[in-house]
Amino acid sequence: MIDTVDLKKSISIEEDNIIKEIKSESLDKIKLSYKKYKEEYKYTPLLRNIEKKYGSFNSSENIKKADSYKDLISTKDKHYIVILNGSYIENISNIPNSIDIKNIKDLSKNEQNIFIDSYSKIDDSTDDIFSSINTILHSNCLTFKINKSTILKEKISIINIVDSSKPTYFRKCFIIDKNSEISFSEEFINVTRDGNFSNSVTEIYMDENAVFNYFSTQNISKNYHFNSINVFQKRNSTSNFHTYSFSGSIIRNNLNIKLLDKSCYANMYGFYAIKNSSHIDNHTSVDHIDENSISNEHYKGIVDDGSIGVFNGKIFVRQRAQKTNAFQSNNNILLSDNAKVNTKPQLEIWADDVKCSHGCTVGQLDDDALFYLMSRGISRKDAISLLLSAFSTDITEKIADKVIREEYQLMILKELEDLNYE
Amino acid sequence: MSKDDKILKEFTSKEYEHGWSVDFDVDQAPKGLNEDIVKLISKKKNEPNWLLDWRLKAFSNFKKMKEPNWSNLKIPRINYQDISYYSAPKKKKMLKSMDEVDPELIKTFEKLGISLQEQKRLSGVAVDAVIDSVSIGTTFKDKLSELGIIFCSFSEAVNEHPDLVRKHLGKVVPAKDNYFACLNSAVFSDGSFCYIPKGVRCPMELSTYFRINASNTGQFERTLIVADEGSYVSYLEGCTAPMRDENQLHAAVVEIHAEKDAEVKYSTVQNWYPGDKNGKGGIYNFVTKRGICNGINSKISWTQVETGSAITWKYPSCILKGDNSVGEFYSVAVTNNYQQADTGTKMIHIGKNTRSKIISKGISAGHSQNSYRGHVKVMRRANNSRNFSQCDSLLLGNKCGAHTFPYIDIENKSSMVEHEATTSKIGEDQIFYCLQRGIDEENAIALIVNGYAKEVLKQLPMEFSVEAQKLLSLTLEGSVG
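Those protein sequences? They're chains A and B, same order as listed.
Position one of the first sequence corresponds to residue 24 (the working numbering), numbered consecutively onward.
Position one of the second sequence corresponds to residue 19 (the working numbering), numbered consecutively onward.
For the record, the hints were derived by calculation from the structure and aren't laboratory data.
All residues carry an ideal CB built from backbone N, CA and C; glycine is no exception.
Any given hint could be a false lead.
Unchecked claim - Here are some, though not all, of the chain B residues that point toward chain A, as calculated from beta-carbon distances under 8 angstroms: (1) R398; (2) M434; (3) P479; (4) S483.
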């Protein structure tokens, strides 16, 4: 069991009464989430690694002046949001007028109430120990309010900078009002040397007819990262998630989607190409609570060297959720004898009039295909990267926007070049 | 009441067919679980010291263990002290031929539809019938012994072939493997032992029929099958239990050894009392079944049709140690009313070029919960290994649940693993098609379900296949509209 003394201390210094209450509730839940740790982190010893490294989960304060991080912003996007160790750095960010970003403590009482209703209500902190710890230890919850019928075609970059020798906590809460459409991409940049731990929890509330697109790139070399995204969808809303992971000592992604209302769509796509003893763990869950919703999930991965790829997909179809269609698939290619894949596509169904399926495969490149390409004068190396990039296309082609799709395809191609195929 | 509801009600109000009990003269141990009971069982069985020590060691481990809680089952608290761990029809003398068997007992079998006489004459199946805890009479024993095949009760084997038993007992399922296997190791009362010598192809299906008779007795049988090099055996196991209100515990262990080029086929039809329509009573079935393919080119194949028991917790597994060895698992699990089943398999690929195939068909109706839980593990040196898994679920009615938990762990780059699963109900268009051709709804459903499960049923030996098909259509009579 983890040491709760530090956690209690952190709650006692919290000034805001409401937030203090939320944090105390989370502390009560921590026993429950710890119980589930053994099964949920069967293949990912994140807790042991973090405890060994830091001994404590507490974070520390920012160190440098915000301006010194300006060079790290390399995004092509017009709008970007810079977040340093969990706090929003307004003066080097560039946000559109239609979005308002504030710390939950700085909101007016009325505005705060809107967020408090949802804040930390549907995160996975009863199931996940790191979410619980995030709820207790984060100091800034950033709120993003997207007003009714706001349609932003251009994607907005969220650049999270980790610069601390202690664990850092990121917390975001999005409320996307009716008929809005918005896209975000998110990445984490580690400034400090190897072995940093960042813990990020995001909650997304989507009202009727809202559309939310989210792209995540994870390339954090020797650092540890925990990322939990919790989505709550109302009638006719659509969410699209694209997760691309390339390196990290341990990366754990939790993506939990609750389809609370009728006719919701949820699409989850992921691609990982990992080498040099990286460890990527994608845990997703889709909860179909009401009728007529559709969820699609497809994760593909290439695992090289001593890397480990973990996938766990859960589909829940509740008794009320008749006429549900839910699909889930996970395909892996192993490139090395030291690589490992642990996958568990899981279905739990209580309704009868549904179409649900899941599948998963683990294999290698098709020798016949390789031979075919080589017999036509393509070098072995080129043939391999051609086949591997074809493997990734299933995922990237799901990106609807052409510009964004090409950007990610190029990025993947570059990453694939570094893989070794014996 | 709509037609659907009516049909559903008819189906759910079906009573258990095998619900009767026969009053034998029973020799029963007092209730409770302690070292003295373990010693008592061992003494009653006239066991050598090494086996008693083995039991006691298992019991001391058992005391340290906790009931597993990872399954997707709601298991009511079991009071292990409130169970009698030994129950045997009183032996009057040693039985040599079938004629000496208690006529009451033969009646029991006739009611079950497996009259020993009948089977002996017609089908040539050798039956080792186990009632409660003691094996009663083994048919065709002489004929088998001509070939060098040993097929006898476990206690007989302990006394007559101690070296063989000692060499293989607990090697595939170690005494402290899991909670229920550990309990079994401490208190197992009887079971079957089977040894097929080198190069012998067993000419007939070997069969055990289990039946839990006395109330409040747990049945803890232990089966050990050893197939020596180049041999072949097909082994059948069937289970029934009379209707009792209290839940009865059943914790069995089956161990299979397949040496080089050997093949073992193990088939089970389980139709124990599932409890009444309100979920009262029924058997708790916690079984550990595991086989090891020791030698190269060996093969173990599990086929199971699970229709009974209030709770089923069962994962027949294969350890594919020898190169080129093959493991197969075919399963149909049907749950109705308040039945719960958490069943599946484990395929552990250790040797090179090992292959495994998993076909699991779950059918849930009423308020039941049906789970598939499987584990496919490919170890580092298992080059070119291959697995294919398919687990389908069929839901009848909207109050039941179907769940799938496949664990897939791969550590070898040259292996191929595929898993697929679907969940659906019987298509209206399929039923319509049958109706249109003059097949009524009842028969249409039976037809579709049988077709759905056919891939598994066809793996069963003939005699069992007929019984299993009958069982399926009976249990599912008119359960969907």
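Structure-based check of each hint:
The restraint placing R398 of chain B at the interface with chain A holds, with a minimum CB-CB distance near 7 angstroms, inside the 8 angstroms limit. Restraint check, M434 of chain B versus chain A: the minimum CB separation of about 5 angstroms is within 8 angstroms; hint holds. About 32 angstroms separates the beta-carbon of P479 of chain B from the nearest beta-carbon of chain A, more than 8 angstroms, and the hint is not met. Taken as an interface hint, S483 of chain B does not check out: its beta carbon lies about 28 angstroms from the nearest beta carbon of chain A, beyond 8 angstroms.
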